[in-house]
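Quick mapping for you: the protein sequence lines, in order, are chains B and S. If you're matching positions, the first sequence starts at 1 in my numbering and goes up one per residue. If you're matching positions, the second sequence starts at 361 in my numbering and goes up one per residue.
There could be a bad hint or two in this list.
Far from chain B by the CB rule (all over 10 Å, computed), these chain S residues [said to hold, decoys possible]:
| no. | residue |
| --- | --- |
| 1 | ASP430 |
| 2 | ASP498 |
| 3 | TYR509 |
The calculated lysine to aspartate or glutamate pairs, modelled on EDC-like cross-linking and capped at a C-alpha distance of 16 Å, are [to be verified]:
| no. | chain 1 | residue 1 | chain 2 | residue 2 |
| --- | --- | --- | --- | --- |
| 4 | S | LYS734 | B | ASP329 |
| 5 | B | LYS157 | S | GLU540 |
| 6 | S | LYS879 | B | ASP329 |
| 7 | S | LYS730 | B | ASP329 |
| 8 | B | LYS157 | S | GLU566 |
| 9 | S | LYS717 | S | GLU799 |
Source of the hints: derived by calculation from the structure; they are not laboratory data. Note that beta-carbon positions come from the ideal geometry of N, C-alpha and C, so glycine has one too.
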Amino acid sequence: MNTFDFSIVTTWFDNLLNGVMPLWLTTVIECLLIGVGLILVYALLALFYIYYERKLCGAFQCRLGPNRVGPFGLLQSFADMFKILIKELIPINNIDKFLFGLAPYLVIASSFTAFAVLPWGRGLQIIDFNIGVFFLIAVSSIGVLGILLAGWSSNNKFTLIGALRSGAQMVSYELSIGLSVMTIVLLAGTMSVTELVEGQEHLWYIFQGHIPAIIAFLIYIVAGTAETNRGPFDLPEAESELTAGYHTEYSGIHFGYFYLAEYLNLFIVSGVATLLFFGGWMPLHIPGCEGFNNVMDYIPSVVWFVGKAIILSAVIIWFKWTFPRLRIDQLLAFEWKYLLPFNLVNLVLMLIVVAFGWHF
Amino acid sequence: MADIKEIIGKVCPDAIFEENEKPFAVVPDRDWHKVAEALKQSGYDWLNAVVGEDWGDEMGCIYYMSSSSDGAEVSVKVATADRENPMLHSVSDLWDCARLEEREVFDFFGIKFINHPDMRRFYLRNDWVGYPLRKDYDENPDINPVRLYHEQPDDVSVTYKEEADGSVKEEKVQVFAPEEFVVNIGPQHPATHGVLRFRTSLNGEEIKKIDLVCGYIHRGIEKLCEKLTYPQCIHFFDRQDYFSALMNEHCFCMCVEKALGLEVPRRAQVIRVMMDELSRIASHLLFFGTYCMDLGATTALFYGIRERETILDILEETCGARMTFNYNVVGGVREDIHPNFVKRVKDFIAIMPSRLKEYHTLVTGNVIFKNRLKGVGILSRKDAISYGVAGPSGRASGWACDVRKLKPYSIYGELDFDEVVMDGCDSFDRYLVRMKEIEQSLRILEQLVDNIPDGDYCAKAPKIIKLPAGHWFQEVEACRGVFGVYIDSKGDKTPYRVKINGTCLRLAGVVDHITRGSKIADLITIGGSMDYVVPDIDR
Chain B
1 MNTFDFSIVT TWFDNLLNGV MPLWLTTVIE CLLIGVGLIL VYALLALFYI
51 YYERKLCGAF QCRLGPNRVG PFGLLQSFAD MFKILIKELI PINNIDKFLF
101 GLAPYLVIAS SFTAFAVLPW GRGLQIIDFN IGVFFLIAVS SIGVLGILLA
151 GWSSNNKFTL IGALRSGAQM VSYELSIGLS VMTIVLLAGT MSVTELVEGQ
201 EHLWYIFQGH IPAIIAFLIY IVAGTAETNR GPFDLPEAES ELTAGYHTEY
251 SGIHFGYFYL AEYLNLFIVS GVATLLFFGG WMPLHIPGCE GFNNVMDYIP
301 SVVWFVGKAI ILSAVIIWFK WTFPRLRIDQ LLAFEWKYLL PFNLVNLVLM
351 LIVVAFGWHF
Chain S
361 MADIKEIIGK VCPDAIFEEN EKPFAVVPDR DWHKVAEALK QSGYDWLNAV
411 VGEDWGDEMG CIYYMSSSSD GAEVSVKVAT ADRENPMLHS VSDLWDCARL
461 EEREVFDFFG IKFINHPDMR RFYLRNDWVG YPLRKDYDEN PDINPVRLYH
511 EQPDDVSVTY KEEADGSVKE EKVQVFAPEE FVVNIGPQHP ATHGVLRFRT
561 SLNGEEIKKI DLVCGYIHRG IEKLCEKLTY PQCIHFFDRQ DYFSALMNEH
611 CFCMCVEKAL GLEVPRRAQV IRVMMDELSR IASHLLFFGT YCMDLGATTA
661 LFYGIRERET ILDILEETCG ARMTFNYNVV GGVREDIHPN FVKRVKDFIA
711 IMPSRLKEYH TLVTGNVIFK NRLKGVGILS RKDAISYGVA GPSGRASGWA
761 CDVRKLKPYS IYGELDFDEV VMDGCDSFDR YLVRMKEIEQ SLRILEQLVD
811 NIPDGDYCAK APKIIKLPAG HWFQEVEACR GVFGVYIDSK GDKTPYRVKI
861 NGTCLRLAGV VDHITRGSKI ADLITIGGSM DYVVPDIDR
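Given these sequences and hints, build the entire structure.
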């Protein structure tokens, strides 16, 4: 393996700082640097995603998409970002001001924390728990709290209906996400993000676990779309029914936070799918083809991870721009009557496959 | 005529029969309800229009009724001489659509309808002073200034109940109880297709009742027409149902031509029909797009718009406008067709079938789409007739109500096309009917495009158009249903009264009936499948 390991850089930097200052100061500086770096990546990725989705959906709809600001419209998202930053935060009467202000931060904090655990590349990871995947699912479900609060505190009937829908939807679909993740954890025998990635060095889990893994992936991608509140599961903000659902009353950067979180959740869902099914930052390896594998190794691991996630996102974006929206009772019936039982059976199937060693 | 004399004469010996283009009877108010009931039972079960009018010495309504199966027509005038407290008997128990139509008459003429369940203002604000379509209405702006405060929603309505002894008692009616969870869908809402407001009482996600509030963009076109000459009136007809602009103009011109006894040249007839069918396709394409967008499938909108654009280009070349055409004139059309017209229509006919196939692949077969539409918003044939839901929405309930077939006008009688009737009664069929009507309109265009006769495109109409005294009613099949125009003339160069009778009011009026007990999302599905256009409601 001749892929560059990022831990060399980080260890070198750590030693350099430790050489000139006390340990506590090193920790503080490193935390700050990591935080700033993350925020930067987070914001840039969101901007990229906005551009990416607009271009993709333009292509689906026989349009060009943004093409005026900058070459190929590349600066459009930046212009939009500056616009939203300088927009007024409209004060609203008769609302719970504290909760109203808190809600967008809860949403963004949850997505941000989940974002931080993703394995970006070889050695490029902020923290490596032994319960990494579990942590990811746990923090990403905090987001629903923010959405419920936003809907409740706005003191508006549309937002309330949107929030209640969202609550029902996210709690339901989290089950499916959790179970499909469990299926892969069963196959891998670990919850640690690093070990999950390393387990796929020679073959990705979706191939290792063949049938149950493919089923788990399909369920995951459906439930993940629902979890991010994107079409065809965008009922909480169903534009034609509830104007904008739970964030109807938000303006300026507070609305921007919801928007940002939605796009980043799209990346996180695709990132987790990459991690669980498509080898994380591992290059594509075909057992037996040494030459091919060596060429693949030359592509940096960060590119592998981000690239795979972006391609998976395209699928989710494709869903949104093709399908009509479901109705709330259909949505819940789909989860509880079909996805969940199917998922449980699939888990047992995976158990059998692992117990008898039928996987590759 | 004899038949009608018999039916009416049996229950009301005092009825007076007058000669008119349609069988016309004048009936005193006390017998009116009985007459209406007898007419309904003898097959005149479709209430086409309720025309309120102030004749000066008396005020009242002309009711146009026809048979839902063969299109036989009858009109009945009911009037009262009392201007202080005018009252007529309501027929809202016989025809559900009369509920809104009579409220409109109350709003504009102040005629109270006895036994009507909900006698509130409909278009105007609760605090409006006077009744604007009365001839003695004071137009002084100081009486009704532009009020800058919110109109208080009135949850208490009144009804005038007739006692057994004939006396009338006023009773209060609660529209919504104070504890109900009422959500405003509209007036500013993406799915109402304009400024229409549904006050929706909810139980969780379930709809309990809907109160329709209209009038946010009411422009008083009927009142404006009373002061303008006939050619000046035409352009208002573009601005009602703006997707059926050409049909609406066509209807008004036909009504005037009928009154004048003017023969329209064949070339003009063919051009008019081709324009009508082109705009029908354009309208149904936009329906397809916006309906899918309402359901969350945004991409389909752009597919529909793409083809609609081709039609608008064709229309623009000939008419000079893309939306408000002002193309029909009394006697024919304003300009001859553009030299490119025939070629471009042929090109369009050639590409359209493949595009329709594309729509069906993208949308119609989709499981989510089917699940959202099938069995949602069931409207039985009986209810469709009672609510007056004509047009594609009525035909999806198994009611063959196409005016082009029922009472053929212009050259439709000679054309070979099928009336699309389906009997699923749900939103899915309402959608499919429209998609199939596109195919039928293409058939009509195919027949005509090579057969546009030479000759004048406009008959010689008098310079100053004065209609003889009398009243006329003309209907056409617009994109969303029947569109009717009533003109009353006293022999002047301006009409005495114009009544515009679109179907959209009825389409919006039936929403309450068929959404009860379904989800909010279904309100969007049902409202979208009705395809109402708000300017046609707020005339």
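What's the verdict on LYS717(S) and GLU799(S), does the C-alpha distance respect the 16 Å limit or exceed it?
holds (11 Å)
Within a Cα-Cα threshold of 16 Å, do LYS157(B) and GLU540(S) meet the stated pairing?
holds (12 Å)
Is it true that the CA of LYS730(S) sits at most 16 Å from the CA of ASP329(B)?
holds (15 Å)
Status of the stated non-contact between TYR509(S) and chain B (beta carbon gap over 10 Å):
Its Cβ never comes within 10 Å of chain B, the nearest being 17 Å, so this holds.
Decide if the proposed pair is consistent with the structure: LYS879(S) and ASP329(B), CA atoms, cutoff 16 Å inclusive.
Holds. LYS879(S) to ASP329(B) sits at ~9 Å (cutoff 16 Å).
With d taken as the least Cβ-Cβ distance between ASP430(S) and chain B, does d exceed 10 Å?
Nearest chain B Cβ is 40 Å from ASP430(S), so the label holds.
Interface exclusion of ASP498(S) relative to chain B, criterion Cβ beyond 10 Å:
At roughly 39 Å from the nearest Cβ of chain B, ASP498(S) sits farther out than 10 Å, so the non-interface label holds.
Hinted pair LYS734(S) and ASP329(B), Cα distance within 16 Å
At roughly 15 Å apart (the allowed maximum being 16 Å), ASP329(B) and LYS734(S) satisfy the hint.
16 Å Cα cutoff - pair LYS157(B), GLU566(S)
holds (14 Å)
In summary, this structure violates none of the numbered hints.
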